[in-house]
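Here are the chains, one letter per residue:
2 protein chains.
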Amino acid sequence: MRQSKLFTKTRKDAPADEVSRNAELLIRGGFIHKEMAGVYSYLPLGLRVLEKIGNIIREEMNKAGGQEVLLSSFHPKENWEKTGRWEAMTDLYKVSDSSGREVALGPTHEEIIVPILKNYISSHKDLPVAIYQIQNKFRMELRAKSGILRGREFMMKDMYSFHATEEDFEEFYNKMKDVYKTIFQRVGIGHLTYLTFASGGTFSKYSHEFQTITAMGEDTIYVDEEKGVAVNKEVLNSEVLKQLNLTKEKLAERKAIEVGNIFDLKTKYSKPFDLSFTDEKEQKHAILMGCYGIGLGRLMGTVVEVLSDDKGIIWPESIAPFQVHLLALGDDKEILGEAEKVYKSLLKAGVEVLFDDRAEVLAGEKFADADLLGIPFRVVVSARSMKESGVEIKKRTEEKGKVISLAELLKQIEP
Amino acid sequence: MRQSKLFTKTRKDAPADEVSRNAELLIRGGFIHKEMAGVYSYLPLGLRVLEKIGNIIREEMNKAGGQEVLLSSFHPKENWEKTGRWEAMTDLYKVSDSSGREVALGPTHEEIIVPILKNYISSHKDLPVAIYQIQNKFRMELRAKSGILRGREFMMKDMYSFHATEEDFEEFYNKMKDVYKTIFQRVGIGHLTYLTFASGGTFSKYSHEFQTITAMGEDTIYVDEEKGVAVNKEVLNSEVLKQLNLTKEKLAERKAIEVGNIFDLKTKYSKPFDLSFTDEKEQKHAILMGCYGIGLGRLMGTVVEVLSDDKGIIWPESIAPFQVHLLALGDDKEILGEAEKVYKSLLKAGVEVLFDDRAEVLAGEKFADADLLGIPFRVVVSARSMKESGVEIKKRTEEKGKVISLAELLKQIEP
Chain A
27 MRQSKLFTKT
37 RKDAPADEVS
47 RNAELLIRGG
57 FIHKEMAGVY
67 SYLPLGLRVL
77 EKIGNIIREE
87 MNKAGGQEVL
97 LSSFHPKENW
107 EKTGRWEAMT
117 DLYKVSDSSG
127 REVALGPTHE
137 EIIVPILKNY
147 ISSHKDLPVA
157 IYQIQNKFRM
167 ELRAKSGILR
177 GREFMMKDMY
187 SFHATEEDFE
197 EFYNKMKDVY
207 KTIFQRVGIG
217 HLTYLTFASG
227 GTFSKYSHEF
237 QTITAMGEDT
247 IYVDEEKGVA
257 VNKEVLNSEV
267 LKQLNLTKEK
277 LAERKAIEVG
287 NIFDLKTKYS
297 KPFDLSFTDE
307 KEQKHAILMG
317 CYGIGLGRLM
327 GTVVEVLSDD
337 KGIIWPESIA
347 PFQVHLLALG
357 DDKEILGEAE
367 KVYKSLLKAG
377 VEVLFDDRAE
387 VLAGEKFADA
397 DLLGIPFRVV
407 VSARSMKESG
417 VEIKKRTEEK
427 GKVISLAELL
437 KQIEP
Chain B
27 MRQSKLFTKT
37 RKDAPADEVS
47 RNAELLIRGG
57 FIHKEMAGVY
67 SYLPLGLRVL
77 EKIGNIIREE
87 MNKAGGQEVL
97 LSSFHPKENW
107 EKTGRWEAMT
117 DLYKVSDSSG
127 REVALGPTHE
137 EIIVPILKNY
147 ISSHKDLPVA
157 IYQIQNKFRM
167 ELRAKSGILR
177 GREFMMKDMY
187 SFHATEEDFE
197 EFYNKMKDVY
207 KTIFQRVGIG
217 HLTYLTFASG
227 GTFSKYSHEF
237 QTITAMGEDT
247 IYVDEEKGVA
257 VNKEVLNSEV
267 LKQLNLTKEK
277 LAERKAIEVG
287 NIFDLKTKYS
297 KPFDLSFTDE
307 KEQKHAILMG
317 CYGIGLGRLM
327 GTVVEVLSDD
337 KGIIWPESIA
347 PFQVHLLALG
357 DDKEILGEAE
367 KVYKSLLKAG
377 VEVLFDDRAE
387 VLAGEKFADA
397 DLLGIPFRVV
407 VSARSMKESG
417 VEIKKRTEEK
427 GKVISLAELL
437 KQIEP
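Note that the protein sequences, when read in sequence, are chains A and B.
All residue numbers for the first sequence refer to this note's numbering, where the first residue is 27 and numbers rise by one.
All residue numbers for the second sequence refer to this note's numbering, where the first residue is 27 and numbers rise by one.
Since the hints were made in silico from the structure, they are not lab data.
Built from N, CA and C at the ideal position, the CB exists for glycine as well.
Mixed in with the good hints, there may be bad ones.
Said to hold, decoys possible - Partner residues aside, some chain B positions facing chain A, computed with beta carbon under 7 Å: (1) LEU73; (2) VAL95; (3) LEU97.
Unchecked claim - Calculated pairs, EDC-like style, for lysine to aspartate or glutamate (alpha carbon to alpha carbon, straight line, at most 20 Å): (4) LYS203(A) <-> GLU251(A); (5) LYS120(B) <-> ASP123(A); (6) LYS31(A) <-> GLU306(B); (7) LYS207(A) <-> GLU86(A); (8) LYS392(A) <-> GLU434(A); (9) LYS31(A) <-> ASP194(B); (10) LYS31(B) <-> GLU85(A); (11) LYS151(B) <-> GLU386(A); (12) LYS31(B) <-> GLU94(A); (13) LYS171(A) <-> ASP123(B); (14) LYS31(B) <-> GLU386(B); (15) LYS337(A) <-> GLU391(A); (16) LYS144(A) <-> GLU44(B); (17) LYS297(A) <-> ASP194(A); (18) LYS163(A) <-> ASP123(B); (19) LYS292(A) <-> ASP152(A).
Whole structure, please, built from the sequences with the hints as guidance.
This is the structure:
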């Protein structure tokens with residue numbers, strides 16, 4: 027796309043009340059816009075990143091046998107009363123219509139998916155099933171100061187799985203651990219992300235979180251880097267460590283942010299709705315459930331937190347809004363013509379290009395914008411590059427570029 | 027996908043309180059689930075249709091130069107007070123958080139997009155701009171009895187355009203008329219959809235709606251079939267008819283449903299937020315705006331209303347959840363083996379196939395399900411088709427199928 031047509035521009039400053047690094051950089055780059063604390067709109071560049079993250083998650087969910095749905099945001103009050111969460115969940119938004127009838131704004135969807143499944147599942151032959159969606163959630167956050175890491179409104183992938191037996195549940199649950207690792211690898215934070223044992227509440231011994239190490243994280247975890255696992259504070263006791271075969275001395279305390287979690291729900295939600303199946307002997311049992319969440323905005327914000335430098339964002343290729351940021355330097359007709367040629371060649375090769383074709387913008391500003399926006403490859407057409415009959419290519423992570431031919435460029439940047 | 031794995035099943039009956047034909051068929055087919063009046067969840071088959079509609083709209087919006095965003099559902103109260111709609115819009119949902127701070131749930135996004143643009147637009151050089159999103163909307167409907175045609179929560183494409191001059195606005199507005207016609211053609215209801223002149227309120231002489239003729243429509247329009255235009259009741263007077271070169275005698279009264287609308291907003295929303303630009307002479311002017319809406323669920327429901335028959339839905343190929351419904355009849359191993367072969371051949375050719383591989387389901391039920399689900403091509407592998415060394419192919423709109431070879435099938439059904 028031509029940058030001269032992109033309606034957003036980079037900004038010198040984020041709003042004064044924006045204290046998080048992720049939102050500051052994303053607002054300055056024109057990726058997002060802050061509507062109020064914890065509420066952000068996604069502008070063209072930001073939406074491209076969000077959708078790439080969504081597509082990676084979707085691919086992995088589909089591979090794992092997930093069936094995609096899109097559940098409602100409005101939830102009947104009766105459903106939430108049935109599970110006791112209408113009163114118990116303090117961060118639930120409640121809305122009244124003109125008749126005074128109340129509904130909840132969904133922060134999670136067990137209260138919706140379980141009643142739906144009652145229409146379709148009755149026998150062990152209908153199991154297992156895994157259902158997911160990528161959908162907007164609402165949660166009444168009191169401390170929404172972490173940019174897109176913690177929103178009152180946020181895009182989330184939530185998957186729910188349904189099983190006849192413990193063994194079947196565990197097999198799927200363990201598979202999801204690997205699926206999640208793959209997702210974090212693919213979005214570029216695998217090397218900083220640890221499967222973390224957390225307290226399981228009343229329903230299971232542990233729950234599992236995926237925590238990404240970053241100085242601004244809200245959580246504290248204890249990491250065994252060799253083994254690639256971590257525990258959180260709640261379970262940092264000798265009994266648990268023994269079970270996990272960890273030694274306290276080898277654990278390093280780190281700040282981290284939770285980028286994903288998986289839960290063993292057992293029959294907590296199937297029982298209130300009487301979601302059950304009959305086995306081979308016509309015996310009725312409550313269905314076992316798991317749930318698996320990833321916040322898309324949180325993932326995007328985490329990438330910005332851990333991969334940026336003092337000049338701006340550094341997007342991994344897998345989720346970058348464009349692969350190439352093509353800069354035409356100067357108003358010289360010959361240079362602009364050559365840049366147009368490079369732009370069209372890249373488009374023809376199927377490469378996603380942001381083409382900084384803006385007239386009246388100086389080279390220094392174009393370079394600064396490129397660093398802030400963080401597109402993986404910067405390609406410059408200038409008087410200098412033309413003298414050498416080529417284009418200058420530089421990775422966002424490199425200090426210096428080098429001039430190569432257009433043919434060589436197309437070879438290096440394959441989509 | 028294998029139907030034996032699809033978690034939804036067809037149902038004999040929709041809920042007793044479901045009075046609309048579209049929701050009745052869609053619920054029976056397992057496309058959607060009703061949560062409460064005017065609130066539906068989209069299940070796998072329904073989501074596939076919704077996304078195909080969304081992708082058609084997205085393609086056409088992008089072709090028209092639209093830039094896609096994803097704006098927030100929570101809207102600051104201040105923004106709606108600025109336009110006077112916090113009080114004036116009676117179907118606005120209002121939500122309070124624990125501190126008592128109120129926000130609106132967005133039913134439309136002028137109050138969000140205009141303040142965003144204040145950060146980016148200041149000169150005539152920044153114009154024109156067209157921005158759109160496909161996003162969930164909320165509206166406090168009192169009479170939500172039309173299935174997915176009229177929701178309290180509904181997926182909508184809303185585009186906003188911004189212009190320096192009347193001429194530029196009009197050019198774009200007229201282009202959007204053609205874009206909308208293309209969209210309705212592509213989703214299969216072009217032949218029943220009319221550009222309809224409606225009353226323009228206080229801001230322009232007319233507004234334009236797109237109305238699709240159907241007996242269950244809530245609106246009444248007056249159609250000149252030859253000219254391909256219509257007027258609604260509000261503007262059915264001699265003055266307007268003269269201007270539009272229509273004769274009352276040639277107009278046929280029809281029930282119809284509004285599937286899209288386009289508005290000339292002039293400076294109604296730019297003025298309250300002081301969204302303005304400076305022209306070549308450094309003179310400041312308020313920006314002119316247009317807005318352009320299409321409800322995705324409404325479009326899907328309209329297709330069901332106008333294209334179904336007494337046996338079920340008839341999806342156009344462009345938005346069908348799958349192109350081919352492959353039925354294996356009988357438990358015979360040879361038949362199942364042959365059906366598997368056909369399934370894999372179609373998948374390999376890139377065809378979207380729903381494969382009814384369910385054991386223990388009789389032929390009659392499979393045929394009835396195929397008619398209800400409405401996938402364009404039904405392909406049957408049975409003892410009979412195998413005797414003729416082929417498969418039976420039948421369009422959903424045809425009475426009788428014919429047996430053809432697998433090679434011929436692949437030729438006929440190209441993706």
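Results for each hint:
1. A hinted interface residue such as LEU73(B) counts as satisfied when its beta carbon comes closer than 7 Å to some beta carbon of chain A; here the least separation is about 5 Å, so the hint holds.
2. A cut of 7 Å between beta carbons decides the hint on VAL95(B): the least distance to chain A is about 5 Å, and the hint holds.
3. Annotation: interface hint on LEU97(B) holds; nearest CB of chain A at approximately 4 Å, less than 7 Å.
4. At roughly 18 Å between alpha-carbon atoms, LYS203(A) and GLU251(A) fall within 20 Å of each other, so this suggested pair holds.
5. For a cut-off of 20 Å, the pair hint linking LYS120(B) to ASP123(A) stands: about 9 Å separates their Cα positions.
6. For the given pair, LYS31(A) sits about 19 Å from GLU306(B) by alpha-carbon distance, which is consistent with the 20 Å threshold.
7. For the suggested pair LYS207(A) and GLU86(A), the alpha carbons sit about 10 Å apart, so the restraint of at most 20 Å is met.
8. Of the pairs offered as hints, the one joining LYS392(A) and GLU434(A) is violated, with about 24 Å between alpha carbons and a cut-off of 20 Å exceeded.
9. Note on LYS31(A) and ASP194(B): the hinted pairing holds, with a Cα-Cα distance of about 16 Å set against a maximum of 20 Å.
10. Simply put, LYS31(B) and GLU85(A) have alpha-carbon atoms about 18 Å apart, close enough for the 20 Å limit, and the pair holds.
11. This hinted pair checks out: LYS151(B) and GLU386(A) have alpha carbons roughly 12 Å apart, not beyond 20 Å.
12. In summary, the hint linking LYS31(B) to GLU94(A) is supported, as the alpha carbons are separated by about 13 Å, within the 20 Å threshold.
13. Restraint check: the Cα-Cα separation between LYS171(A) and ASP123(B) comes to about 16 Å, which is no more than 20 Å; the hinted pair holds.
14. Pair hint LYS31(B) plus GLU386(B) holds up; C-alpha atoms about 14 Å apart against a cutoff of 20 Å.
15. With a C-alpha separation of about 12 Å, the suggested pair LYS337(A) and GLU391(A) falls inside the 20 Å cut-off, and the hint holds.
16. As the CA atoms of LYS144(A) and GLU44(B) are separated by approximately 18 Å, the hinted pair is consistent with the 20 Å bound.
17. Among the hinted pairs, LYS297(A) with ASP194(A) is consistent with the structure: their alpha-carbon atoms are about 19 Å apart, no more than 20 Å.
18. For the given pair, LYS163(A) sits about 15 Å from ASP123(B) by alpha-carbon distance, which is consistent with the 20 Å threshold.
19. Restraint check for LYS292(A) and ASP152(A): satisfied, since their Cα atoms lie roughly 18 Å apart, inside the 20 Å limit.
Taken one by one, the earlier hints fail for this structure only at number 8.
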